[in-house]
Amino acid sequence: MVVAIALLTILLLPLLLSDFRLKLVGRFLSLAILALGIDLIWGYTGLLSLGHGIFFALGGYALAMHLNLQLPDGQIPEFFSLYGVQDLPWFWQPFYSMPFTFVAIWVIPMVTAGLLGYLVFRNRIRGVYFSILTQAMLVVFFNFFNGQQKLINGTNGLKTDTATVMGVLMGSDGAQMALFILTVVILALAYGLCRWLTGGRFGRLLIAIRDDESRTRFLGYNPTSFKTFVFAVSGALAGIAGALYTVQSGIVSPQYMEIAFSIEMVIWVAVGGRGTLIGAIIGALMVNLARSFLSEQFPEVWLFFQGILFLGVVTVLPQGIVGWLRSEAGSQMRSLLGRPQRVSTYSSLETDPEVQYEHENLSH
Amino acid sequence: MSTKILVTENLTVSFGGFKALNQLNFSMDVGELRVIIGPNGAGKTTFLDVITGKVRPTEGQVTFKNHRNLRKLSEYQIAQLGIGRKFQTPRVYPKLTPRENLQLACDRPKAVFPSLFGQSSPASRQTVQGLLDTTGLVAKADLPAQYLSHGEKQWLEIGMLVAQSPDLLLVDEPVAGLTDEETVLTGELLLSLAESHSIIVIEHDMEFVRQIAQTVTVLHQGSVLCEGTMAEVQANPQVIEVYLGSPAESAPSRVQVG
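Line order of the protein sequences matches chains W and X.
When we follow the working numbering, the leftmost residue of the first sequence carries the number 1, and every step to the right adds one.
When we follow the working numbering, the leftmost residue of the second sequence carries the number 1001, and every step to the right adds one.
Please note that the accuracy of each hint is not assured.
What the hints assert, rightly or not - If the Cβ cut is set under 10 Å, some of the chain X residues that face chain W in the computed set are:
| no. | residue |
| --- | --- |
| 1 | THR1052 |
| 2 | VAL1055 |
| 3 | ARG1056 |
| 4 | TYR1093 |
| 5 | PRO1094 |
| 6 | ASN1101 |
| 7 | ASP1107 |
| 8 | VAL1112 |
| 9 | PHE1117 |
| 10 | GLY1118 |
| 11 | PRO1122 |
| 12 | ALA1163 |
| 13 | GLN1214 |
Claimed, not checked - The following label-pair restraints were derived from C-beta to C-beta distances:
| no. | chain 1 | residue 1 | chain 2 | residue 2 | range |
| --- | --- | --- | --- | --- | --- |
| 14 | W | GLY74 | X | ALA1111 | 29 to 37 Å |
| 15 | W | VAL3 | X | SER1121 | 30 to 38 Å |
| 16 | W | MET1 | X | GLN1119 | 18 to 26 Å |
| 17 | X | PRO1144 | W | LEU71 | 54 to 62 Å |
Claimed, not checked - One side of the interface only, derived from the structure: several residues of chain W facing chain X at Cβ under 10 Å:
| no. | residue |
| --- | --- |
| 18 | ALA4 |
| 19 | PHE202 |
| 20 | LEU205 |
| 21 | GLY275 |
It is worth saying that the hints were derived from the structure and are not from the lab.
Glycine included, C-beta positions come from ideal geometry on N, C-alpha and C.
Here chain X stands alone, though its shape is the one from the complex (with noise of 0.2 Å):
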């Protein structure tokens, strides 16, 4: 169990007797880099907003690192515990800028009185320095984050997520929107971040996914289907026929959903 970075048992979250997650058991290893895919409407947002406390699940748990049951605790104490998240269109703060939004993942501890009195520590400012660097944004630095292309939020939001340091890191479909070789780049980046960090990664896009994938999980209605290498994944006929309706034909390079 120690080696584990993210257990689920059980877990179920009914939306008015709509089961979004049902009895979903997974678990990861500290390091690993994970891609999770599946049909629309298979759970997987949903998925992340439990581990990341903002929906509670029905029934179930969730163990992070040795904190067993993150039920009790809101998403600002699981963002501390270190779970950081990436949103499915980039959130950052368009008034502020790139540095800005950088420091603002960056600077703890994240209490009022600290973030009154405290400066932004020296070391901090190097480390957002350092992400101002590998993510191509040095030139905009300290331009409102509004005039930055999607691309460029797209990888800020990557940065604030580095920022925050934290150990296991959720990216919701980090390439959607980017160009083929803005996604491509954007792959190398989290192989990158893997060396270092445990990442879930959920994407559509098959190209992409085969680009980074160690182990690939299938959920589908809310539980899992399959795990497996990507080849593994790609064979086994019911995901095909999840994905394709027929188990005749085989699965596309590029399955979009959504």
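Just chain W, with the same shape it has in the complex (with noise of 0.2 Å):
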């Protein structure tokens, strides 16, 4: 079903698509991925990060920065020549390596994610206090990137656009044609992973942490490596999807990590349906594409637009979209078109479970 999916929109969408559309389309699929991320820890395990930026922009500096080293040998980037910097940062050196750039991107998100949750998770930050304070870790990152002019080049960020890899623009068609393919495989793959981890035992005692987190110690389980783990895993994913995002956008700056985008990351999970796997990737493609539309055709419009859907979701829909075609969709359909609800019986026998148990499994 998943590579089936995956497959259509390899081979469907560059036809039906221009190269503008395309790229946009691919840039809105790595925002999934992201979006998979956040369901994970706030769908299934009920930690609200609103710092999911960091991680995010972590993983794109880290691929650019190995993209902007693609020079002649001797030469260090361009623009540290406008701030007197003769040798290149030490850290930037390991992003000479292709193998360790492309570990880095996932493994360097992860790790941060991992001590920071580990530290707040520790000492028992939950709830609303978690979610203040990684902002208040977000506004701190933003504020050092966008500070460090000799360093990442600051508040203009790192373009990736004019490297050249092994002979290859990336802004070329055909490097970008690669990379939506790449992040299609991604996602199905993320898919997959996110699949694996919600299904099982492990699945089940995040949810358990979710709803009661300290009655999960009185049976013996560590919330706090279980929460650790899954949010490192969270940020790994933003990693990847945040070195993707920057290629396809052709730039990395500290725009990534500012407190408004990683608000409307928890929106697209609100929308498409928190806790269900495609919902998120269902609320990060709709919308987006509606920003990208209404931006399009009304330019001042997007930002209410985006206010009153958050409004919306949270009234009408507080399970999101796919969690309402789950569970309310069909009876709701009825109603409004003035037809009877599907109660065969008493009502008080329609909602006893034990009647409805031995109706759907003992009458045939």
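Join the two chains into one complex using the hints; note that each chain is given alone, in its own frame.
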């Protein structure tokens, strides 16, 4: 199923869409990977992170640094000369290596998330305090990256479009096409990973931690280690998403760590339906497509629309689109159309699970 | 000492000057079923909190089997040593089914990677199926637990306690909010569990205490007031005074304090 959808996307979309649109969709698909990570910690584990921009940007910077080093021997990236820097800062050195970069893209955000998570979870900081703390971390990282012109070109960020890897210009149509396919494949893999994580014993324990964390302690589980682990996985997914997004937008900058963007990520998941993996993907794609459509047509309206969308989802569809489709869409459509609800016996029997159980399992 | 499963020495817990537990000395043997009663604020729940590591004692120590002083351990480590706890209001996972709730309690090892890569063992699936039978939840085994009635949730939680297979069960008000019939059944369940476990029950319902109690400990203002059989405890003038505020009247059959 997943493979089929991925293949269809890879084969059909390039035929249907112009290069510009395809690049746009590719970027949104990489944001969907990010949304999966958010859903994993928020929808399943109940950790509302408002700081995922950190991990997204770290992944983006890791790849961008590698691409910026694709230069003839002895040269250093151009922007350094603007600030009078002669030698490459030490932490750029390992990014000459492509294998190192490919590992760094997910390991650096994963370790960062794991460390931050461990410190927070160990002290049993939960709920809204956790959210505020993640946002504070985001501001710290944003200001740091913004201020460090001499290290990573500060507020201007790093361009990737003009880099040439193995003779291929990153901004060229061919490279972008390959990146699109890669994004679809990685999204499918990330979906599979999340399905696996949330499916078995581990997934049930995440739900248990979400619904009553201290109870799990008395069952002999240590929620700190489970939360740290899942937060690190989420950070790794965000890092990969950030790298893919960066090369398809052509630039990474501290803008990726703006507060509003990290809140938007949460909105995608809320709109799609938290606690449903497919919902996270659909939410990320729908909100971003709506944004690009609306901001082309009516540039002023988008932010209002986003606010209304979020309010609407919270009040009308608290489970998100997919959650609503799965639970009550059928009966609500019926009542909208003026049809009677599907109640064939007394309502007290209809709502009694024991009766329903017998109805479903014993009648045939 | 070797036959004692739980010993507390001079256990004191003070919350900002107020002593919830005051020099509490308590001990019980392996295989014993002990009922703890006491008026509101006597420190019964705090006592369980200290044993399970939720609250650190200000002074004194808890010895469980041969583990002296549980102070340094956190809740999950104490649970892994073999102390299980059932809460006053049933705390089951509403979105998970009874089967999943029980499986969660039964599965081991409980670290991250085993739960990621390991499957529930066939033996534990058997145990869970057996517990569903015992607790009468077979028909609702695969419905989210939020649809269970209050009594069924109480039973499910007792089932989860057993699924953990602890050596010592701490049961806080197992019959609160149950009908008389359910109360009797719960009593029988606890008595059958007592054959293979050591159990501490905290209860207000005197009828129920009479049904199950072998030895009763009365707590008052954070210390042990007296200890003995139900008849001895009921005849004790101090106990009557604590419960009724007047030594003249006899203890009623069903003292309801909170």
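To see whether the hints hold, each was checked on the structure:
With a cut of 10 Å, the hint placing THR1052 of chain X at the interface with chain W holds, because the nearest CB-to-CB distance is about 6 Å. At a threshold of 10 Å, the smallest CB-CB gap from VAL1055 of chain X to chain W is about 12 Å, leaving the interface hint violated. Evaluation of the ARG1056 of chain X hint against chain W yields a violated restraint, the C-beta minimum of about 14 Å exceeding 10 Å. With a least beta-carbon distance of about 5 Å to chain W, the hint placing TYR1093 of chain X at the interface is held under the 10 Å criterion.
At a threshold of 10 Å, the smallest CB-CB gap from PRO1094 of chain X to chain W is about 6 Å, leaving the interface hint in force. Hint status for ASN1101 of chain X: holds, given a least beta-carbon distance of 8 Å to chain W, under 10 Å. Annotation: ASP1107 of chain X was flagged as interfacial toward chain W, and the flag holds, the nearest CB pair being 6 Å apart, inside 10 Å. Because the smallest distance between the Cβ of VAL1112 of chain X and any Cβ of chain W comes to about 5 Å, under 10 Å, the interface hint for this residue holds.
Contact between PHE1117 of chain X and chain W, as hinted, is supported at the beta carbon level, the nearest pair being about 9 Å apart and thus within 10 Å. Satisfaction of the interface hint for GLY1118 of chain X is found here, the shortest Cβ-Cβ separation to chain W being roughly 7 Å, below the 10 Å cut-off. This hint is violated: PRO1122 of chain X has a C-beta 14 Å from the nearest C-beta of chain W, more than the 10 Å allowed. Evaluation of the ALA1163 of chain X hint against chain W yields a held restraint, the C-beta minimum of about 9 Å falling below 10 Å.
Because the beta carbon of GLN1214 of chain X sits about 26 Å from the nearest beta carbon in chain W, more than 10 Å, this interface hint is broken. For the hinted restraint 29 to 37 Å between GLY74 of chain W and ALA1111 of chain X, the CB-CB distance of approximately 50 Å leaves it violated. Restraint check, VAL3 of chain W to SER1121 of chain X: a C-beta distance of roughly 32 Å satisfies the suggested window 30 to 38 Å. Checked against the hint of 18 to 26 Å, the C-beta distance between MET1 of chain W and GLN1119 of chain X comes to roughly 23 Å, which is consistent with it.
The hinted window of 54 to 62 Å between PRO1144 of chain X and LEU71 of chain W holds, with their beta carbons roughly 59 Å apart. Annotation: interface hint on ALA4 of chain W violated; nearest CB of chain X at approximately 27 Å, more than 10 Å. At a threshold of 10 Å, the smallest CB-CB gap from PHE202 of chain W to chain X is about 5 Å, leaving the interface hint in force. Hint status for LEU205 of chain W: holds, given a least beta-carbon distance of 6 Å to chain X, under 10 Å.
Interface restraint check for GLY275 of chain W: the shortest CB-CB distance to chain X comes to about 9 Å, inside 10 Å, so the restraint holds.
Hints 2, 3, 11, 13, 14, 18, counting from the list given before, are not met by this structure.
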